[in-house]
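Go ahead and model the full structure; you've got the sequences and the hints to work with.
Residue numbers for the sequence shown, in this note's numbering: 54 to 385.
What the hints contain is simulated information worked out from the structure, not anything from laboratory work.
Note that the structure is a prediction, hence the values are computed from the model and not measured.
One should not assume that every hint holds.
Using 20 angstroms as the maximum straight-line C-alpha spacing, the simulated EDC-like pairs for lysine to aspartate or glutamate come out as follows [said to hold, decoys possible]:
1) Lys-369 / Glu-351
2) Lys-312 / Glu-101
3) Lys-137 / Glu-336
4) Lys-231 / Glu-213
5) Lys-167 / Glu-101
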Amino acid sequence: MDGLYFSIQKGEWVVGKKRFSLRKFLKIHLGYFLFRFSTFWVKCLPVESLASCGEKIGLLAFHLLRGWRRVAFANLNLALGREKGKDEIHWICRELFKNIGRDILEVYRCPDFKDSYFKKLVRFEGTQHLNDALSQGKGVIALSAHLGNFPLMAARLAREGYPSSVVTRDPENPKIAKALTSIRDAVGLETIPGEPRMACVSRCFKALKEKQILFLHIDQNAPVTEAWVDFFGYLVPTFKGPVLFAMRTGAPILPMFMKRNSDNLHQITIHPPFTLNITGNAEKDVISNTARLTKIIEAAIREYPEQWLWNYRRFKRARDIRTGERLFLKHP
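Structural data, given as C-alpha coordinates:
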(Lines of atoms letter the chains of each structure in order from A and count residues from 1; the text may use other names and numbers.)
(Lines give C-alpha, C1' and ligand atoms only; values in the text may rest on other atoms or scores of the structure.)
Protein backbone atom coordinates (compact mmCIF):
# COMPACT_ATOMS: atom_id res chain seq x y z
CA MET A 1 0.00 0.00 0.00
CA ASP A 2 1.39 3.38 -1.02
CA GLY A 3 2.60 5.50 1.89
CA LEU A 4 2.31 2.73 4.50
CA TYR A 5 5.11 2.26 7.02
CA PHE A 6 5.61 1.37 10.69
CA SER A 7 7.37 3.77 13.06
CA ILE A 8 9.28 1.66 15.60
CA GLN A 9 10.13 4.70 17.72
CA LYS A 10 6.49 5.77 18.12
CA GLY A 11 5.02 2.28 17.92
CA GLU A 12 2.43 3.22 15.29
CA TRP A 13 1.45 2.56 11.71
CA VAL A 14 1.38 5.55 9.36
CA VAL A 15 -0.79 5.54 6.22
CA GLY A 16 -0.33 8.82 4.39
CA LYS A 17 -1.31 11.44 6.98
CA LYS A 18 -3.28 9.02 9.16
CA ARG A 19 -1.64 7.34 12.14
CA PHE A 20 -2.58 4.15 13.93
CA SER A 21 -0.92 3.71 17.31
CA LEU A 22 -0.75 0.06 18.32
CA ARG A 23 0.39 1.12 21.78
CA LYS A 24 -2.59 3.43 22.22
CA PHE A 25 -4.96 0.82 20.80
CA LEU A 26 -3.75 -1.82 23.25
CA LYS A 27 -3.75 0.64 26.15
CA ILE A 28 -7.37 1.58 25.53
CA HIS A 29 -8.81 -1.84 24.76
CA LEU A 30 -6.70 -3.91 27.14
CA GLY A 31 -7.29 -1.38 29.91
CA TYR A 32 -11.02 -1.49 29.25
CA PHE A 33 -11.02 -5.29 29.23
CA LEU A 34 -9.31 -5.36 32.63
CA PHE A 35 -11.76 -2.75 33.92
CA ARG A 36 -14.77 -4.76 32.74
CA PHE A 37 -13.32 -8.00 34.08
CA SER A 38 -12.76 -6.44 37.49
CA THR A 39 -16.28 -4.96 37.61
CA PHE A 40 -17.74 -8.36 36.67
CA TRP A 41 -15.72 -10.02 39.42
CA VAL A 42 -16.80 -7.42 41.97
CA LYS A 43 -20.46 -7.96 41.09
CA CYS A 44 -20.06 -11.60 42.11
CA LEU A 45 -19.05 -10.63 45.66
CA PRO A 46 -21.57 -10.31 48.51
CA VAL A 47 -21.91 -6.61 49.36
CA GLU A 48 -21.00 -7.35 52.98
CA SER A 49 -17.54 -8.56 51.90
CA LEU A 50 -16.63 -5.57 49.69
CA ALA A 51 -14.69 -3.71 52.38
CA SER A 52 -12.64 -6.72 53.51
CA CYS A 53 -11.82 -7.78 49.93
CA GLY A 54 -11.00 -4.20 48.98
CA GLU A 55 -8.66 -3.89 51.96
CA LYS A 56 -6.65 -6.90 50.76
CA ILE A 57 -6.49 -5.55 47.20
CA GLY A 58 -5.37 -2.15 48.51
CA LEU A 59 -2.67 -3.74 50.65
CA LEU A 60 -1.41 -5.66 47.62
CA ALA A 61 -1.38 -2.41 45.63
CA PHE A 62 0.64 -0.74 48.39
CA HIS A 63 3.42 -3.28 47.86
CA LEU A 64 3.19 -3.50 44.05
CA LEU A 65 2.45 0.06 42.87
CA ARG A 66 5.84 1.53 43.62
CA GLY A 67 5.24 4.81 41.78
CA TRP A 68 2.01 5.61 43.61
CA ARG A 69 3.60 4.67 46.93
CA ARG A 70 6.57 6.97 46.33
CA VAL A 71 4.37 9.91 45.41
CA ALA A 72 2.22 9.34 48.50
CA PHE A 73 5.25 9.15 50.82
CA ALA A 74 6.77 12.27 49.26
CA ASN A 75 3.56 14.27 49.66
CA LEU A 76 3.03 13.06 53.22
CA ASN A 77 6.56 14.00 54.22
CA LEU A 78 6.14 17.37 52.55
CA ALA A 79 2.83 18.25 54.21
CA LEU A 80 3.03 16.42 57.54
CA GLY A 81 6.70 15.53 57.99
CA ARG A 82 7.30 18.37 60.44
CA GLU A 83 4.58 17.16 62.80
CA LYS A 84 4.40 13.39 62.36
CA GLY A 85 7.06 10.70 62.71
CA LYS A 86 8.11 8.18 60.08
CA ASP A 87 6.09 5.36 61.62
CA GLU A 88 2.89 7.39 61.60
CA ILE A 89 3.45 8.55 58.02
CA HIS A 90 4.04 4.93 56.98
CA TRP A 91 0.78 3.94 58.72
CA ILE A 92 -1.15 6.74 56.97
CA CYS A 93 0.21 5.68 53.57
CA ARG A 94 -0.59 2.02 54.17
CA GLU A 95 -4.12 2.81 55.34
CA LEU A 96 -4.60 5.09 52.33
CA PHE A 97 -4.03 2.20 49.92
CA LYS A 98 -6.34 -0.06 51.91
CA ASN A 99 -9.04 2.61 51.77
CA ILE A 100 -8.58 3.06 48.02
CA GLY A 101 -9.17 -0.68 47.56
CA ARG A 102 -12.32 -0.55 49.68
CA ASP A 103 -13.58 2.59 47.92
CA ILE A 104 -13.17 1.21 44.40
CA LEU A 105 -15.10 -1.97 45.10
CA GLU A 106 -17.94 -0.05 46.75
CA VAL A 107 -18.18 2.40 43.86
CA TYR A 108 -18.32 -0.44 41.32
CA ARG A 109 -21.24 -2.00 43.20
CA CYS A 110 -23.17 1.08 44.33
CA PRO A 111 -25.67 0.97 41.41
CA ASP A 112 -26.74 -2.46 42.72
CA PHE A 113 -27.18 -1.34 46.33
CA LYS A 114 -30.71 -1.65 47.63
CA ASP A 115 -32.03 1.55 49.18
CA SER A 116 -32.12 -0.02 52.64
CA TYR A 117 -28.48 -1.13 52.40
CA PHE A 118 -27.31 2.19 50.94
CA LYS A 119 -28.98 4.09 53.78
CA LYS A 120 -27.28 1.83 56.31
CA LEU A 121 -23.89 2.13 54.59
CA VAL A 122 -23.89 5.93 54.19
CA ARG A 123 -25.46 8.20 56.79
CA PHE A 124 -25.94 11.97 56.93
CA GLU A 125 -25.12 14.63 59.45
CA GLY A 126 -26.32 18.18 58.84
CA THR A 127 -29.03 17.61 56.23
CA GLN A 128 -30.95 20.58 57.61
CA HIS A 129 -28.18 22.87 56.34
CA LEU A 130 -28.66 21.38 52.87
CA ASN A 131 -32.44 21.62 52.92
CA ASP A 132 -32.34 25.23 54.13
CA ALA A 133 -29.83 26.14 51.40
CA LEU A 134 -31.89 24.46 48.67
CA SER A 135 -35.01 26.30 49.84
CA GLN A 136 -33.41 29.55 48.62
CA GLY A 137 -34.03 28.35 45.06
CA LYS A 138 -30.55 29.06 43.72
CA GLY A 139 -29.07 25.59 43.84
CA VAL A 140 -26.22 24.59 46.13
CA ILE A 141 -22.46 24.51 45.54
CA ALA A 142 -21.15 21.48 47.40
CA LEU A 143 -17.50 22.12 48.21
CA SER A 144 -15.77 18.81 48.65
CA ALA A 145 -12.47 16.96 48.36
CA HIS A 146 -11.05 13.58 47.39
CA LEU A 147 -11.55 12.46 50.96
CA GLY A 148 -13.14 9.22 52.09
CA ASN A 149 -15.21 7.41 49.49
CA PHE A 150 -16.18 10.74 47.93
CA PRO A 151 -18.00 9.28 44.86
CA LEU A 152 -20.46 7.57 47.21
CA MET A 153 -21.37 10.93 48.76
CA ALA A 154 -22.83 12.39 45.57
CA ALA A 155 -24.34 9.01 44.65
CA ARG A 156 -26.05 8.71 48.03
CA LEU A 157 -27.54 12.20 47.80
CA ALA A 158 -28.73 11.51 44.26
CA ARG A 159 -30.32 8.22 45.35
CA GLU A 160 -32.02 10.11 48.19
CA GLY A 161 -33.75 12.25 45.56
CA TYR A 162 -31.54 15.34 45.62
CA PRO A 163 -30.89 16.45 42.00
CA SER A 164 -27.10 16.43 41.76
CA SER A 165 -24.32 17.02 39.25
CA VAL A 166 -20.59 16.49 39.65
CA VAL A 167 -17.69 17.98 37.71
CA THR A 168 -15.26 15.19 36.88
CA ARG A 169 -11.81 14.70 35.44
CA ASP A 170 -12.19 11.22 34.01
CA PRO A 171 -9.40 8.81 32.96
CA GLU A 172 -7.76 9.30 29.57
CA ASN A 173 -9.14 5.95 28.43
CA PRO A 174 -12.44 6.97 26.77
CA LYS A 175 -14.00 3.53 27.23
CA ILE A 176 -13.35 3.53 30.97
CA ALA A 177 -14.53 7.15 31.22
CA LYS A 178 -17.78 6.16 29.50
CA ALA A 179 -18.22 3.19 31.85
CA LEU A 180 -17.72 5.42 34.92
CA THR A 181 -20.29 7.87 33.55
CA SER A 182 -22.76 4.99 33.19
CA ILE A 183 -22.21 4.13 36.87
CA ARG A 184 -23.08 7.71 37.83
CA ASP A 185 -26.10 7.66 35.52
CA ALA A 186 -27.31 4.48 37.20
CA VAL A 187 -27.58 6.23 40.57
CA GLY A 188 -29.14 9.39 39.12
CA LEU A 189 -26.01 11.53 39.21
CA GLU A 190 -25.35 13.84 36.27
CA THR A 191 -21.76 14.01 34.99
CA ILE A 192 -20.20 17.30 33.87
CA PRO A 193 -16.80 16.72 32.19
CA GLY A 194 -14.16 19.23 33.26
CA GLU A 195 -13.09 19.70 29.64
CA PRO A 196 -13.73 21.55 27.41
CA ARG A 197 -13.64 24.37 29.94
CA MET A 198 -16.33 26.67 28.55
CA ALA A 199 -18.78 23.80 28.09
CA CYS A 200 -18.13 22.77 31.69
CA VAL A 201 -18.78 26.30 32.99
CA SER A 202 -21.98 26.57 30.97
CA ARG A 203 -23.31 23.27 32.31
CA CYS A 204 -22.41 24.28 35.89
CA PHE A 205 -24.47 27.45 35.56
CA LYS A 206 -27.30 25.38 34.08
CA ALA A 207 -27.20 22.93 37.01
CA LEU A 208 -27.46 25.76 39.55
CA LYS A 209 -30.25 27.40 37.56
CA GLU A 210 -32.10 24.08 37.76
CA LYS A 211 -31.65 24.20 41.57
CA GLN A 212 -29.33 21.21 41.67
CA ILE A 213 -26.50 20.36 44.04
CA LEU A 214 -23.26 21.03 42.14
CA PHE A 215 -20.31 19.05 43.49
CA LEU A 216 -16.94 20.75 43.03
CA HIS A 217 -13.62 19.31 44.26
CA ILE A 218 -10.88 21.93 44.49
CA ASP A 219 -8.10 19.80 45.99
CA GLN A 220 -6.67 18.66 42.64
CA ASN A 221 -3.78 20.31 40.84
CA ALA A 222 -5.00 23.36 38.92
CA PRO A 223 -3.57 25.50 36.09
CA VAL A 224 -1.23 28.32 37.06
CA THR A 225 -3.93 30.83 36.04
CA GLU A 226 -6.05 29.82 39.03
CA ALA A 227 -5.77 31.21 42.59
CA TRP A 228 -2.47 30.63 44.41
CA VAL A 229 -3.30 29.89 48.04
CA ASP A 230 -1.81 28.28 51.13
CA PHE A 231 -2.22 24.50 51.36
CA PHE A 232 -0.26 22.74 54.11
CA GLY A 233 2.24 25.62 54.19
CA TYR A 234 2.86 25.84 50.43
CA LEU A 235 1.41 28.03 47.70
CA VAL A 236 -0.46 25.88 45.19
CA PRO A 237 -2.77 26.81 42.29
CA THR A 238 -6.36 26.12 43.30
CA PHE A 239 -9.62 26.17 41.35
CA LYS A 240 -11.65 29.35 41.87
CA GLY A 241 -14.89 27.80 40.61
CA PRO A 242 -16.90 27.62 43.86
CA VAL A 243 -16.30 31.27 44.71
CA LEU A 244 -16.89 32.51 41.16
CA PHE A 245 -20.14 30.57 40.80
CA ALA A 246 -21.34 31.77 44.21
CA MET A 247 -20.55 35.39 43.40
CA ARG A 248 -22.27 35.18 40.02
CA THR A 249 -25.40 33.26 41.04
CA GLY A 250 -25.86 33.82 44.76
CA ALA A 251 -25.90 30.06 45.32
CA PRO A 252 -24.72 29.13 48.83
CA ILE A 253 -21.52 27.13 49.29
CA LEU A 254 -21.83 24.18 51.65
CA PRO A 255 -18.67 22.28 52.61
CA MET A 256 -19.43 18.54 52.54
CA PHE A 257 -17.03 15.74 53.41
CA MET A 258 -17.15 11.97 53.51
CA LYS A 259 -15.58 9.86 56.24
CA ARG A 260 -15.17 6.10 56.54
CA ASN A 261 -15.67 4.97 60.13
CA SER A 262 -13.87 2.07 61.80
CA ASP A 263 -16.89 -0.20 61.16
CA ASN A 264 -16.60 0.56 57.40
CA LEU A 265 -19.82 2.56 57.45
CA HIS A 266 -19.64 6.07 56.01
CA GLN A 267 -20.70 9.44 57.31
CA ILE A 268 -21.46 12.51 55.21
CA THR A 269 -20.97 15.70 57.19
CA ILE A 270 -22.73 18.74 55.72
CA HIS A 271 -21.43 21.96 57.24
CA PRO A 272 -23.28 25.29 57.56
CA PRO A 273 -23.13 27.64 54.56
CA PHE A 274 -19.82 29.34 53.92
CA THR A 275 -20.05 33.13 54.20
CA LEU A 276 -18.21 34.99 51.45
CA ASN A 277 -16.11 37.98 52.47
CA ILE A 278 -16.91 40.67 49.90
CA THR A 279 -14.88 43.89 49.95
CA GLY A 280 -15.67 45.24 46.50
CA ASN A 281 -12.34 44.19 45.01
CA ALA A 282 -13.52 41.19 42.98
CA GLU A 283 -10.07 39.80 42.16
CA LYS A 284 -8.86 39.90 45.76
CA ASP A 285 -12.19 38.59 47.03
CA VAL A 286 -11.95 35.52 44.79
CA ILE A 287 -8.44 34.71 46.01
CA SER A 288 -9.11 35.36 49.70
CA ASN A 289 -12.30 33.30 49.74
CA THR A 290 -10.66 30.47 47.80
CA ALA A 291 -7.89 30.51 50.41
CA ARG A 292 -10.45 30.23 53.21
CA LEU A 293 -12.21 27.32 51.49
CA THR A 294 -8.86 25.58 51.02
CA LYS A 295 -8.18 25.88 54.74
CA ILE A 296 -11.54 24.19 55.43
CA ILE A 297 -10.46 21.31 53.20
CA GLU A 298 -7.03 21.15 54.85
CA ALA A 299 -8.66 20.94 58.28
CA ALA A 300 -10.82 18.01 57.12
CA ILE A 301 -7.76 16.22 55.70
CA ARG A 302 -5.85 16.73 58.95
CA GLU A 303 -8.74 15.16 60.86
CA TYR A 304 -8.41 11.85 58.98
CA PRO A 305 -5.33 12.06 56.73
CA GLU A 306 -5.35 8.35 55.86
CA GLN A 307 -8.48 8.96 53.76
CA TRP A 308 -7.14 11.63 51.38
CA LEU A 309 -5.50 10.82 48.02
CA TRP A 310 -1.86 11.53 48.86
CA ASN A 311 -0.79 9.55 45.78
CA TYR A 312 -1.95 12.44 43.58
CA ARG A 313 0.70 15.01 42.58
CA ARG A 314 -1.03 17.93 44.26
CA PHE A 315 2.21 19.76 45.06
CA LYS A 316 3.94 19.52 41.68
CA ARG A 317 3.57 23.30 41.08
CA ALA A 318 4.09 24.29 44.72
CA ARG A 319 5.89 27.52 45.59
CA ASP A 320 7.60 28.75 48.72
CA ILE A 321 4.97 30.59 50.73
CA ARG A 322 7.45 33.32 51.78
CA THR A 323 9.27 34.02 48.51
CA GLY A 324 6.84 32.67 45.91
CA GLU A 325 9.68 30.78 44.23
CA ARG A 326 9.01 27.43 42.55
CA LEU A 327 10.16 24.55 44.75
CA PHE A 328 10.77 22.00 41.95
CA LEU A 329 9.76 19.18 44.23
CA LYS A 330 10.92 15.71 43.29
CA HIS A 331 9.06 12.53 44.06
CA PRO A 332 11.74 9.96 44.93
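Okay, the hints, checked on the actual structure:
1. Lys-369 / Glu-351: Roughly 17 angstroms between the alpha carbons, so the hint for Lys-369 and Glu-351 holds.
2. Lys-312 / Glu-101: Holds - the C-alpha atoms of Glu-101 and Lys-312 are around 18 angstroms apart, at most 20 angstroms.
3. Lys-137 / Glu-336: At roughly 36 angstroms apart (the allowed maximum being 20 angstroms), Glu-336 and Lys-137 break the hint.
4. Lys-231 / Glu-213: Violated, at roughly 24 angstroms.
5. Lys-167 / Glu-101: 12 angstroms, holds
Violated hints for the displayed structure, listed by number in ascending order: 3 and 4.
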